[in-house]
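Chain order of the listed sequences is E and H. For the first sequence, position 348 (counting from the first letter as 1) is numbered 348 according to the working numbering, and the numbering increases by one without interruption. For the second sequence, position 218 (counting from the first letter as 1) is numbered 1218 according to the working numbering, and the numbering increases by one without interruption.
It is possible that part of the hints are untrue.
In silico DSSO-like pairs for lysine-lysine, Cα to Cα no more than 30 Å straight-line [as the list claims (entries may be wrong)]:
(1) Lys1269(H) x Lys83(E)
(2) Lys14(E) x Lys46(E)
(3) Lys1146(H) x Lys269(E)
(4) Lys1328(H) x Lys266(E)
Think of the hints as simulated: they come from the structure by calculation, not from any bench.
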Amino acid sequence: MDLSFSKAELEFRKEIRSWLRENVPEEQLESFDTQVGFQQHRDWEKTLHAGNWGMVTWPKEYGGRGCSLIEWLIFEEEYYRAKAPLRVNQNGLFLLGPTLMEFGSKEQKERFLPKMALGEEIWAQGWSEPNAGSDMAAIRTKAIRKGEKYVVTGQKIWSTRAVWADWIFGMFRTDPQSERHHGLSFILVPLHSKGVTIRPIAQLNGLTGFAEVFFDEVEVPADCLLGEEGDGWKVAMATAGFERGLMLRSPARFQETARRLVDLYKKNKQQADNDPSIREAVLRAYLDAESYCLLTYQTASRLVNGGHIGPESSTNKVFWSELDQSMHSTALSIIGARADLMSGITGTELTADWLEGWLFAQSGPIYAGTNEVQRNIISERMLGMPR
Amino acid sequence: MDFTFTEEQLLLRDSTRNLLTTEVTPSRLRKQWESHGIADADLWNKMLDLGIISSTIPEELGGSGLNSVDFVLLAEECGYVALAEPVVYTALVVVPLLCELEGDFPRELLSGLVKGDYRISVACPFTGLVEDADTSAFVLKFNSNKDLVACSVTGAELSPIRSIDPGRRVFGFKECEPGKVLMENERFECLHELLINLMAFANAAQSLGLSQRMLDLAVSYTKDRYQFRKPIGSFQAVKHLLANVAIKLEFAKPSVYRAAHSLLQYAPKRSLHVSHAKIAACEAASLAAKNSLQAHGAMGYTWEYDLHIFIKRSLVLSSTGGDLGFHKARLLDSLFSNDFQLGPTATFS
C-alpha cells in the first residue's frame, strides 16, 4: 500500500492542470440541454480532443493517451477543480466507449471511437421503453435482420441527450419469438436515419434533457451490431457495470460539491447554526465524499493490479446518488428563507446553482438503474440472498 | 499510488481467520462469561505461542515487526469473532505506544511482552478505566502531572465494573505507589493524541469485522427462515435492510485502511483520518447491529442466539477509544478552520 502519487502521476497532474488553466472557458457554457449549449459543449469536446485530453484512458490509436485508471482519477480531479464544462458525450465516452473496447470488432472500434473522442458523434442512450423501465428484460422494440440490415420498429423513452445527439445505443429484440433476456441484441442506431422520430421531454428544470425516440422501420446496417446477435443482455450488463462502477460519476464531482458546501456554511454560519443539524450534515457530506474517493482509488488500484469490477460496484451508485441529494438539501437548508429564489435579489446567483444541482440530484437515485434495483443486486449478487 | 494489500498481507489475514474462527467460537466466549470474570488464559497463551501477541513488536526485540497496515486486517478478524482477550489493544495500542518512547524501560517492557512474562494494559484517557487490569503486570497511564507512567498492578486497588458486554473485563484502577515515569509531560500532547488515535483505530478495525459477522449471520438466517412459503431473505424489505449494511460497510473499509497507512507514515492529517475511520466503522457496526437484529426477528432477541454477542461488542467499540462526539468535534474543528484543504485534489495531498 502506497497512498502517494508517483513522480509520473504528479507530472501528469501538472500537465493537465496547466492545460486546463489555459483552455477552460472563463464564462460558463449554456446547459447542454439547450440547442446553443449543446453546440458549445460539442465545441468544447473538440478543444479537449485537440489537446489530446478527450479520453485519457483510451489507447493512443483511438484518440486517447493509454493512461491508467489512477491517472483517470487525477484527470477528473483536475477537471472538476478547474470547473471545466460537463461532458456532453458522457453516454458515449464513459458507457459505450468501454463497451466497444470490450466487445467491438477492430472495424467497429476504428469506426466509432475516434469520432466519439472528437465529439463529432454525440451519443444518446436507449435503454428504457414505456413498459420496460426497471424491468429491462421486458424490452419489445424489434430489430429484425433482413440481409445486410436490421429493421428497427418500436419505441424507447427517457433517452438522455437524444434531442440533439447523433447516435443512440441500446438493446433491441432481434428474435421476435424470444422472451425476457434472451434474443436481445446490442445495436447502435444513427438518430438521423429515415423513420426515427424524436419527441423531446421536458425535465423538472424545463429543459429537454431526455426524449422519446420512435423507430418506424428504421434500416440500420448489420455491422452496427455490437457483440453477437442474441448476446445483448450480456453486453448491456457490462455497460451497466461501467455506469454503476467508477466511470460515470467520479469522486471529484462530489468532492467539489462538498467543498462548495463547506464554503457556503462558513459564509453563512450564523444563519446556518439556527438549525443544529446542519453542522453535522456538512461534516457528513465531507466525510462521505472523502469515503467515495477512497473507495474509488481502492477499486482503481485493484483493477490496475489485474482485478475485476464485481457486483459491489452497485454500492457506488446508491452511495453517490444519496450523497448528492443530501449535500444539495443541506445547502438549501443553509440558504434558508430564500432557498427557492433563483434571481431578482442580491445573492441569488449562488442559490440558482444550488437549486439547479438540487433538481438534478433528485434524478440520481432513479437513472442508471434505480436504487431499489441496485439494492436488489447488492443483496442477491454480493450477499447471495435468494431471489 | 497503490491502495491494495500485498499477497502476503492477505495470506496472513486468511490464516488468522482460520485460526480465530476455529478457536474463538461463540460457545467459548459464553464459557468465559460463565467463569465469573476469569480470563481465558489458554487462548492468550495459544496466541502468544503463534506470535500474534508480539507481532507488532520490532524484530530486534523478538517480535515480527508488523506495522499498522499489516495488522489492520488481523484486527478486523479479531472483531469478526468478537475476541475478548486484549490481543488487538496489545498489538495496536500498547506496543506502538511503547515503541514511541526512548530509554531502556520501554524496551524492557516490550521484551517481557514477547517472552510472555506479563501483560500490559492502558488506562482509557477518557474514563480512566482499565481493561484486563487483573491479568496485567503493568498499567500505562497519564498521571496527574501528565507524565506517562507504568504503574505496577501488584498492590493496586482494582474494582471490577460490569459492562453490558459480558466479554468485556474492565476495572477501576487506583495504583498504590506512583508509577515509573516512561515519558515526562513535555510530550504529553503528542502522546495523549497518539494513545487516542491508536485506541480509536483499533476499535475501528475491529468494528469492520464485527459488522461483517452480523451481516453474515443475518444473510444466513434469512436464507433458511421460511415464512409465507418463502425464505424471508427473498423479500425486498429484508434484502434492502441488509443491502444498506453492505453499502455502509463497503464505504467504511477504505477509511480504516487509509487511517492505518496514515498512522504508519505519520501523515500530518492522521488524527483526522483516524476520526473518520472511527465514525465510519462504528456507524457501520451500529447499522449492522440494528438491521441484523431486525432481519432475525424475535430469534435475534434471545440470549441463546449469538447475535447479541456482536451487538454488545459493537456498542463497546463505539463508545470507547473516543466516542463519536469526540471524533466529530475533532473533525469539525479542522473542517471549518481557514487553512483546511478541501475539494477534488485534497484527499491524498
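Evaluated hints:
The hinted pair formed by Lys1269(H) and Lys83(E) meets the criterion: a straight-line CA distance of about 26 Å does not exceed 30 Å. For the suggested pair Lys14(E) and Lys46(E), the alpha carbons sit about 22 Å apart, so the restraint of at most 30 Å is met. Note on Lys1146(H) and Lys269(E): the hinted pairing is violated, with a Cα-Cα distance of about 36 Å set against a maximum of 30 Å. This hinted pair checks out: Lys1328(H) and Lys266(E) have alpha carbons roughly 17 Å apart, not beyond 30 Å.
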